[in-house]
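What follows is the residue order along each chain.
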Amino acid sequence: MLLGLDPSIGAILALDGISSGIIYGLVAIALVLVFAVTRILFLPQGEFVVFGALTLAMFQEGMIPGTVWLLLLLALCATATRVFDHLRCAQPEGMLRTVVLNLVVPCCIAALAAWAAPHKLALPLQVGLTLLLVTALGPLLYTVVFESMADASVLVLLIVAVGVHMASMGLGLVFFGAEGFRTPAFWDERWSLGAVTLNGQTVVVMLAAAVLLAALWLFFERTLYGKALRATALNRLGARLMGVSGPLVGRLAFGMAAFIGALSGMLVGPGTTIFYDSGFVIGIKGFVVAVIGGLASFPATALGALFIGLLESFSSFWASDYKEIIVFMLLLPILLWRSWGAAVHDEQEE
Amino acid sequence: MKTPRNLALAGLAAAIVLLPQLSTSVFWVTQASYVGMYALVVLGLVLLTGVGGMTSFGQAAFVGIGAYTSAYLCTAHAISPWLTLPAGLLLAGASAYVLGLVTLRLSGHYLPLATIAWGISLFLLFEKVSWLGKYDGLSGVPPLQLAGLGLGGPNAMFYLIWTVLLGALWLTSNLLDSRPGRAIRALKGGCIMAESMGVDTGRYKILVFVLAALMAAMSGWLFAHLQRAVNPAPFGVKMGIEYLFMAVVGGAGHVGGALLGAGILKFLEDQLQVLAPLLFGTRGNYEVIVFGILLVLLLKYARGGLWPWLCALGRASAAAPAPFAPQGAMLARRRQPEPGAPLLQVAQVSKSFGGLVAVDAISFDIRAGEIVGLIGPNGAGKSTTFNLVSGLLRASAGSVHFQGKLITGMKPRVIARHGMARTFQHVRLLADMSVLENVALGAHLRARAGIGGLLRSMLRLDRADEAQLLREAARALGEVGLQHLRHERAGNLALGQQRLLEIARALCCDPTLLLLDEPAAGLRHLEKQALAAVLGELRARGMSILLVEHDMQFVMQLTDRIVAMEFGSMIAQGTPDMIRSDPAVIHAYLGAEQGEMT
Chain C
1 MLLGLDPSIG AILALDGISS GIIYGLVAIA LVLVFAVTRI LFLPQGEFVV FGALTLAMFQ
61 EGMIPGTVWL LLLLALCATA TRVFDHLRCA QPEGMLRTVV LNLVVPCCIA ALAAWAAPHK
121 LALPLQVGLT LLLVTALGPL LYTVVFESMA DASVLVLLIV AVGVHMASMG LGLVFFGAEG
181 FRTPAFWDER WSLGAVTLNG QTVVVMLAAA VLLAALWLFF ERTLYGKALR ATALNRLGAR
241 LMGVSGPLVG RLAFGMAAFI GALSGMLVGP GTTIFYDSGF VIGIKGFVVA VIGGLASFPA
301 TALGALFIGL LESFSSFWAS DYKEIIVFML LLPILLWRSW GAAVHDEQEE
Chain G
1001 MKTPRNLALA GLAAAIVLLP QLSTSVFWVT QASYVGMYAL VVLGLVLLTG VGGMTSFGQA
1061 AFVGIGAYTS AYLCTAHAIS PWLTLPAGLL LAGASAYVLG LVTLRLSGHY LPLATIAWGI
1121 SLFLLFEKVS WLGKYDGLSG VPPLQLAGLG LGGPNAMFYL IWTVLLGALW LTSNLLDSRP
1181 GRAIRALKGG CIMAESMGVD TGRYKILVFV LAALMAAMSG WLFAHLQRAV NPAPFGVKMG
1241 IEYLFMAVVG GAGHVGGALL GAGILKFLED QLQVLAPLLF GTRGNYEVIV FGILLVLLLK
1301 YARGGLWPWL CALGRASAAA PAPFAPQGAM LARRRQPEPG APLLQVAQVS KSFGGLVAVD
1361 AISFDIRAGE IVGLIGPNGA GKSTTFNLVS GLLRASAGSV HFQGKLITGM KPRVIARHGM
1421 ARTFQHVRLL ADMSVLENVA LGAHLRARAG IGGLLRSMLR LDRADEAQLL REAARALGEV
1481 GLQHLRHERA GNLALGQQRL LEIARALCCD PTLLLLDEPA AGLRHLEKQA LAAVLGELRA
1541 RGMSILLVEH DMQFVMQLTD RIVAMEFGSM IAQGTPDMIR SDPAVIHAYL GAEQGEMT
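Residue numbers (the numbering used here), protein chains in the order written: chain C, 1 to 350; chain G, 1001 to 1598.
Don't take each hint at face value.
As the list claims (entries may be wrong) - Some residues of chain G that are not near chain C, with every Cβ distance over 10 Å (derived):
1) Leu1009
2) Ala1015
3) Met1054
4) Ser1121
5) Gly1253
6) Gly1292
7) Pro1337
8) Pro1342
9) Ser1363
10) Ala1530
11) Gln1553
12) Gly1591
Stated by the list, open to error - BS3-like mimics (lysine-lysine), calculated; alpha carbons at most 27 Å apart, straight line:
13) Lys323(C) to Lys1134(G)
14) Lys1411(G) to Lys1188(G)
15) Lys323(C) to Lys1188(G)
16) Lys1128(G) to Lys1188(G)
17) Lys1188(G) to Lys1300(G)
18) Lys1128(G) to Lys323(C)
As the list claims (entries may be wrong) - Among the chain G residues that face chain C by a calculated CB cut under 8 Å, a handful are:
19) Trp1028
20) Thr1030
21) Val1102
22) Gly1304
23) Pro1308
24) Leu1310
25) Lys1528
Hints listed in this document are in silico derivations from the structure and should not be mistaken for laboratory results. Note that the structure is predicted; figures quoted are calculated from it, not measured. The C-beta atom is built at its ideal place from N, Cα and C for all residues, glycine as well.
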């Protein structure tokens, strides 16, 4: 026995660590995706996770989730911005399409959610609705906040992202209140494997992550949009010259990030109580994981995620007061390790 | 001196003296004390973010270090607060140094990420460690005593805080207006140019980060003794973000922006606490929403913050620069090698990028007093060769000797120290600095360096050295014929003038060998003539020059010898006349046999 750790506790901690590691990995993958495509270090990714979990919780309670109002607000702002652009450039052609995409579609989603809320639909339907609702926030957020400043420096974009984080965390409090929620598990089954109990939700987390990764792989390898994202990540200007629209890939990346965020929120919700302000810490842990992967490599990110998840669950056993500190301060040695290989003053000039 | 800066400082000092006397309520004095403490932290962020181009969300953690160090030592060990101050500063400075060392070698966005993680960790540590009082913190911190006089009252602390802040403002603006200050201001414009002028950018980045942390820790110390108690709440990442918010609102690029931003935030905070619940009800923390949205809007529509806007309103910063009279002794100059002595030997140098061989075993040499041209069609590997000589790229094989010393593998700033100075194909200037300051950056290596030099500039004891540097810069500007544009903003110059400015900056390094990377590219006819005249004069003075150039006529009329390249290899070498008639060169440029040409 190692410091009071017997095999069955070890196995429980390991399972726990793997499932939270998977969540951090999903957050990190969204962060890497958004950073590679738009150069935005998207700190508010954690808020998408929270919005996902708490929107589902509201549906469970039979209430209209506040994200509906946020969706309407963003839709109005986005439509105003885009229509203004059309008028300024005197290009009325695409106007109808713009209004449909930015206003009509979000309004339909919001109306559907508002109608469905009091009916307490079956869980899978609520999950689908939550995904729809939160995913729709992503592209609109990009249009309203980031699209017009796509050429700003990484630093400025980061500070803007922090501003978005502050605002959305504050809105989270308004929408969902200060109390925390747990969402229902997707699968209530439990199996005893010797001393360890494997529950259905853990299996769902693993399966969902596997399906998502496979889907992402297919998307990036087999579809034109996926290739457009990869091209933009490799060479922004080159991709633009080849006809890849900057705003389009930005919106697409944000949509995917919001989707992944909402999904991870509903996966983590049954195991952990989620509060309106839980997103920040989840987002930062995602960043620690993403930095292990150098903000670029997906396989290294996946390994990093498992490592951070396990580290966290084992340190909660030995030093539960300090588990967060241990995870966050780990960033320093990771950075040190990364800086050994890096070229000095690797910077984005010209 | 009656500069606008000194007048502003004097006005501020008068306002500070008067406020507690005029104000009837303690409330305003206390609010002003908070503004002062915030501004001290934000001043560090201005230096870091607006001037140095880095940023930190973890300044609140450094404030916490200053506050907790003093509170703990005073309460648990009864140590005098005047001794806990240096302890807090040391601790904050050392942590910033380590944090900077680890992150600043990487790209710019790792520092802010690391500071977030650092900020959260320290905050959690304050909450969990029992001898720091956990969530309750430490209370019973003694008031400051000065010569038997208690500084416990709000007025006394107000005076102390604002004296410290004024001192920090003075030191910071002195620093920015000096040799190390120019190096710090160069960090934001990309480090390649600064490194080529001999600036150790890595060291300056860490230095700025440490300075910012020290100011934050100082503010924390004041905080602990004003509140007479500390708890974790004001030192979290939320506060760290708010400090950055103040810098962005006030104007991150200006020392005055710190003061303005801190004042605005305190005002907003007070107003929102009263107004928001009235307007929206009590469920929610509207302050955060408003700050978040304001931050986004400001960066979208007014990235410079409010200070420049205020200055434009009051025309304060548009005041004419102080008249410039060259004074001070001339700087010592390097001993130039005898004409004809071997200066540069490039031997079998190659460079490959992955599978692509950009430069393949190039050899040539330069003697003192010679002007050698490097020519070739696009993609011939001229600029790569040039960067191999100046140290910007590391050769895959071969060696470069400069004045008998092997310089392959040396960093550009070390090579600059040995007497090689360069210009850039794409002009690299600090557009917001004056022409004279840009040129003075070239003389970076020719003045007192190290911590001593830094302290001297902060205390403004460097004026004699500074006068020498500026005089040297003015002389170099005279040599290229730009003396009349001294105080112009460098970004306002025409391209031809900017290229001349780059040459003046390189001359300011007092080089033995001048490397010019396509100086005539993109110039109009008259600008080319002016450039040729300057280079002709330099040649007459015996300056050795390596010139990469596209314009054949320009090269032919100026150079003693020419090295011609194609596809990474040397195809010919000799006097301009030999090159003009060399069949390989003609083929490379025109793609035709000599016979077919006529």
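Evaluated hints:
1. In this structure Leu1009(G) is separated from chain C by more than 10 Å, as the shortest Cβ-Cβ distance comes to about 29 Å.
2. In this structure Ala1015(G) is separated from chain C by more than 10 Å, as the shortest Cβ-Cβ distance comes to about 31 Å.
3. The beta carbon of Met1054(G) is not kept farther than 10 Å from every beta carbon of chain C, the shortest such distance being approximately 8 Å.
4. The Cβ of Ser1121(G) does not lie farther than 10 Å from every Cβ of chain C; its closest approach is about 4 Å, which violates its non-interface assignment.
5. Gly1253(G), annotated as away from the interface, keeps every beta carbon of chain C farther than 10 Å; the closest lies near 13 Å.
6. The beta carbon of Gly1292(G) is not kept farther than 10 Å from every beta carbon of chain C, the shortest such distance being approximately 3 Å.
7. Pro1337(G), annotated as away from the interface, keeps every beta carbon of chain C farther than 10 Å; the closest lies near 31 Å.
8. With a minimum CB-CB distance of about 31 Å to chain C, Pro1342(G) clears the 10 Å threshold, and the non-interface call stands.
9. Ser1363(G), annotated as away from the interface, keeps every beta carbon of chain C farther than 10 Å; the closest lies near 27 Å.
10. The beta carbon of Ala1530(G) sits about 26 Å from the closest Cβ of chain C, which is more than 10 Å, so the claim that it is off the interface holds.
11. Against chain C, the non-interface label of Gln1553(G) holds: every CB pair exceeds 10 Å, the least being about 29 Å.
12. For Gly1591(G), the shortest C-beta to C-beta distance to chain C comes to about 27 Å, beyond the 10 Å cut-off, and the non-interface label holds.
13. Proposed proximity of Lys323(C) and Lys1134(G) is supported: the alpha carbons are some 16 Å apart, at most 27 Å.
14. Our distance criterion of 27 Å between C-alpha atoms is met by Lys1411(G) and Lys1188(G), whose separation comes to about 20 Å.
15. Only pairs whose Cα atoms come within 27 Å are accepted, and Lys323(C) paired with Lys1188(G) is rejected, the gap being roughly 37 Å.
16. Of the pairs offered as hints, the one joining Lys1128(G) and Lys1188(G) is violated, with about 38 Å between alpha carbons and a cut-off of 27 Å exceeded.
17. As the CA atoms of Lys1188(G) and Lys1300(G) are separated by approximately 20 Å, the hinted pair is consistent with the 27 Å bound.
18. Under the criterion of a C-alpha separation no larger than 27 Å, the hint pairing Lys1128(G) with Lys323(C) is consistent with the structure, at around 11 Å.
19. Interface hint at Trp1028(G): violated, since its Cβ lies 28 Å from the closest Cβ of chain C, which is beyond the 8 Å cut-off.
20. The interface hint given for Thr1030(G) is broken, as the beta carbon of that residue sits about 26 Å from the closest beta carbon of chain C, more than 8 Å.
21. At a threshold of 8 Å, the smallest CB-CB gap from Val1102(G) to chain C is about 5 Å, leaving the interface hint in force.
22. Here the hint on Gly1304(G) is broken, as its CB sits about 12 Å from the closest CB of chain C, past 8 Å.
23. Interface hint at Pro1308(G): violated, since its Cβ lies 16 Å from the closest Cβ of chain C, which is beyond the 8 Å cut-off.
24. With a least beta-carbon distance of about 21 Å to chain C, the hint placing Leu1310(G) at the interface is violated under the 8 Å criterion.
25. The restraint placing Lys1528(G) at the interface with chain C is violated, with a minimum CB-CB distance near 24 Å, outside the 8 Å limit.
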